[in-house]
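Below, each chain spelled out in residue letters.
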Amino acid sequence: MLMLEPRTAPPAALQAAVPVLAVALTMIAGGVLFAALGKNPVEAIRIIFVDPLLDPFSRSELLVKAAPLALIAVGLSFGFRAGVWNIGAEGQFVIGAIAGGAVGLAFWDVPGLWLLPLMALAGMLGGFLWAMIPALLKIRFGANEILVSLMLVYVAQLWLSALVSGPLRDPAGFNFPESRMFHDSATLPIILGGTRAHVGVLVALGIAVAAYVALHRHVFGYRVRLMGAAPRAARFAGVSTNVMIAACLGLSGALAGLAGMFEAAGPVGQLVPSLPVGYGFTAIIVAFLGRLDPLGIVLASLVMALTYIGGETAQFTLQIPAAAISVFQGMLLFFLLATEVLSRYRLRRIRRAA
Amino acid sequence: MKRRNLLLTAAALSVGLAAGAAAQDDPVKVGFVYVGPIGDFGWNYQHDLGRQAVEEYFGDKVETTYVEDVPEGPDAERVIRQLAQSGHDLIFTTSFGFMNPTIKVAKQFPDVKFEHATGYQRADNVSTYSGRFYEGRAVIGHIAGKMTESNIIGYIASFPIPEVVRGINAAYLAARDVNPDVQMKIIWVNSWFDPAKEADAANQLYDQGADVIMQHTDSTSPMAALEGKDVIMFGQASDMAEFKPKPRVSSIIDNWAPYYIERTQAVIDGTWESVDTWHGIDKGMTEIGEMTEAIPEEVRESAQALADAIAAGEVHPFTGPINKQDGSPWLAEGETADDGTLLGMNFYVEGIEGQLPN
Numbered sequence: 027m028l029m030l031e032p033r034t035a036p037p038a039a040l041q042a043a044v045p046v047l048a049v050a051l052t053m054i055a056g057g058v059l060f061a062a063l064g065k066n067p068v069e070a071i072r073i074i075f076v077d078p079l080l081d082p083f084s085r086s087e088l089l090v091k092a093a094p095l096a097l098i099a100v101g102l103s104f105g106f107r108a109g110v111w112n113i114g115a116e117g118q119f120v121i122g123a124i125a126g127g128a129v130g131l132a133f134w135d136v137p138g139l140w141l142l143p144l145m146a147l148a149g150m151l152g153g154f155l156w157a158m159i160p161a162l163l164k165i166r167f168g169a170n171e172i173l174v175s176l177m178l179v180y181v182a183q184l185w186l187s188a189l190v191s192g193p194l195r196d197p198a199g200f201n202f203p204e205s206r207m208f209h210d211s212a213t214l215p216i217i218l219g220g221t222r223a224h225v226g227v228l229v230a231l232g233i234a235v236a237a238y239v240a241l242h243r244h245v246f247g248y249r250v251r252l253m254g255a256a257p258r259a260a261r262f263a264g265v266s267t268n269v270m271i272a273a274c275l276g277l278s279g280a281l282a283g284l285a286g287m288f289e290a291a292g293p294v295g296q297l298v299p300s301l302p303v304g305y306g307f308t309a310i311i312v313a314f315l316g317r318l319d320p321l322g323i324v325l326a327s328l329v330m331a332l333t334y335i336g337g338e339t340a341q342f343t344l345q346i347p348a349a350a351i352s353v354f355q356g357m358l359l360f361f362l363l364a365t366e367v368l369s370r371y372r373l374r375r376i377r378r379a380a
Numbered sequence: 069m070k071r072r073n074l075l076l077t078a079a080a081l082s083v084g085l086a087a088g089a090a091a092q093d094d095p096v097k098v099g100f101v102y103v104g105p106i107g108d109f110g111w112n113y114q115h116d117l118g119r120q121a122v123e124e125y126f127g128d129k130v131e132t133t134y135v136e137d138v139p140e141g142p143d144a145e146r147v148i149r150q151l152a153q154s155g156h157d158l159i160f161t162t163s164f165g166f167m168n169p170t171i172k173v174a175k176q177f178p179d180v181k182f183e184h185a186t187g188y189q190r191a192d193n194v195s196t197y198s199g200r201f202y203e204g205r206a207v208i209g210h211i212a213g214k215m216t217e218s219n220i221i222g223y224i225a226s227f228p229i230p231e232v233v234r235g236i237n238a239a240y241l242a243a244r245d246v247n248p249d250v251q252m253k254i255i256w257v258n259s260w261f262d263p264a265k266e267a268d269a270a271n272q273l274y275d276q277g278a279d280v281i282m283q284h285t286d287s288t289s290p291m292a293a294l295e296g297k298d299v300i301m302f303g304q305a306s307d308m309a310e311f312k313p314k315p316r317v318s319s320i321i322d323n324w325a326p327y328y329i330e331r332t333q334a335v336i337d338g339t340w341e342s343v344d345t346w347h348g349i350d351k352g353m354t355e356i357g358e359m360t361e362a363i364p365e366e367v368r369e370s371a372q373a374l375a376d377a378i379a380a381g382e383v384h385p386f387t388g389p390i391n392k393q394d395g396s397p398w399l400a401e402g403e404t405a406d407d408g409t410l411l412g413m414n415f416y417v418e419g420i421e422g423q424l425p426n
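In order, the protein sequence lines correspond to chains A and B. Be aware that the first sequence starts at 27, since it is given in my numbering, and climbs by one per residue. Be aware that the second sequence starts at 69, since it is given in my numbering, and climbs by one per residue.
Some chain A residues well away from chain B (every beta-carbon gap over 10 Å; in silico):
id: 1; residue: D135
id: 2; residue: L151
id: 3; residue: R251
id: 4; residue: V265
Heads up, simulated DSS-like pairs for lysine-lysine below, C-alpha to C-alpha not over 27 Å straight-line:
id: 5; chain 1: B; residue 1: K253; chain 2: B; residue 2: K392
id: 6; chain 1: B; residue 1: K312; chain 2: B; residue 2: K253
id: 7; chain 1: B; residue 1: K351; chain 2: B; residue 2: K97
id: 8; chain 1: B; residue 1: K97; chain 2: A; residue 2: K65
id: 9; chain 1: B; residue 1: K297; chain 2: B; residue 2: K312
id: 10; chain 1: B; residue 1: K129; chain 2: A; residue 2: K65
Derived list of chain B stretches under chain A, where covered just means 3 residues or more per stretch with a C-beta under 8 Å from a C-beta of chain A:
id: 11; region: 126 to 135
id: 12; region: 141 to 148
id: 13; region: 221 to 231
Derived by calculation from the structure, the hints in this document are not laboratory data. Ideal placement from N, C-alpha and C gives every residue a C-beta, glycine not left out.
One chain only, chain A, in its complex shape:
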């Protein structure tokens, strides 16, 4: 029989190597999977992990895809450190897109530099308020925030569908469920000509740096870490659990909302029912892949984006089925969790006494 035994002093090098090891194992297992499908594994891995880096357009798309992931994951990382589990970032993302988009649509024929900041504020406020629902229910009634925040994802998605089929529908759009296209003042400026990389990328990077400082140099970050490591000690030290729950959920909600608004006003340029593509859930993987550290998360979001963009290319160059690509991405989380566990515990064979 095998048993997991905690390592008394987990080797620092091993801990640091966990994400790298997970990516490497994913490549190997993925290669086996692709080979089993009759594709050249080396070529497939190269197309997924290397080719997107060589093409300027794909590089810009990496940024487009990584920015919302990083933004959401940075927000989530605070809560995850403190033991506050916001699983509903996808819902806060949707509400942020709705709130920001609705402001843009309300002024759809009014140009002005003030419009985008207003939309961003509305997006953050929307995400914040949506996250306050599980926060208040947890504080007041002890409701499980994992369930509440997750369930609210579906509510948010149905809301988006209802709004683009109703009040926010494009009046000239033949009744199809989508809004007008935003006009120029409501569309994020592009930072690299000829691509879709928008200012949201810079904002996400700025926020990650700020979050890094907050986590390691500010009392808020200290409290978050303390609450996660030793909740009782935190309480004795005067950290209010309720305030921390509200702060962690509110922060992650606001950042997810901002990401949603960026997505609507950036690459999509309108509100459509299929606007959310799972960034809120993928960001959970990104947060852990980045070891809950804002700068690690920035790197992790790029790796994750790479598997998406490379995965698409692999689909049409090698005709690898989409499902195989999803399996490949799932492996990444699996290996990450496995290596994480094995870095902190060791496997020991025990003999049952006869």
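Chain A is fixed; fit chain B onto it per the hints.
Positioned in the frame of chain A, the structure of chain B alone reads:
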């Protein structure tokens, strides 16, 4: 200045090369973008059958690729662009939500031809195409009206867009034509493909007394859920032949193969032009799947006669007098609906109960 020129030249060269490769020699590259996984039946599967038909018909003269399961959100534009950039000459984007991304990418690649299914925006290098599936709905509505004993027809609907509303109206009008007492119960599942929700809807409709159930969703789960019960159903998009002879008694099949072959040929010949195509039973884009022996012979005959008359242009499924649901007149005696109204249809016809979700 010099450096700038060099960069510009390099850029122009690479664009030129891409365009040149497309124009001259060897295989014409045709790309397809699907909104869901190809699977074994349904909308995407039918488009992929069309792609395979192109491969088979042209052999070495074409090379086809596809990307499946592309959501109609932020990723669509990148996928379409990557296809354009990698030397595809003709790209079919096969879902409504790809409209704006297709138009955006088409602007950047004027030499690549695009074909967008079910949309309404065109450009010099963007055509649109769709099938007149409502013609098929009229035929199965006819069968439903003749065969129902409870006089309740169930309808599993996806999204309240004109395409779906048109289908409901066409089926209802054809059923009422042969059975004035018929009623239609509609359940909206807000999805094109959600086996669990579709099966729930089917069970619910059955419990409400429907003995004929139609669907405008992609999965076979409604048929699987009601297999063995006293109910008849129709294949949607694909034939769904594995549920023959009952519950599946016939089907509406989307057949894209002839159109895809025709358009690829046009690119090979250099005669491709931007057009808007809306073909029905006449051109075979809409097909009626085999009617099984579960349908009485005289109904099979009258349904076939209706299909033939529609194909010949003798019968239009929307022929007046027809009132809208609120009782206001829509079509006068003998008047037929124009395509513009059909394409934007956002109302039920008189006799359908319930409110169109809005």
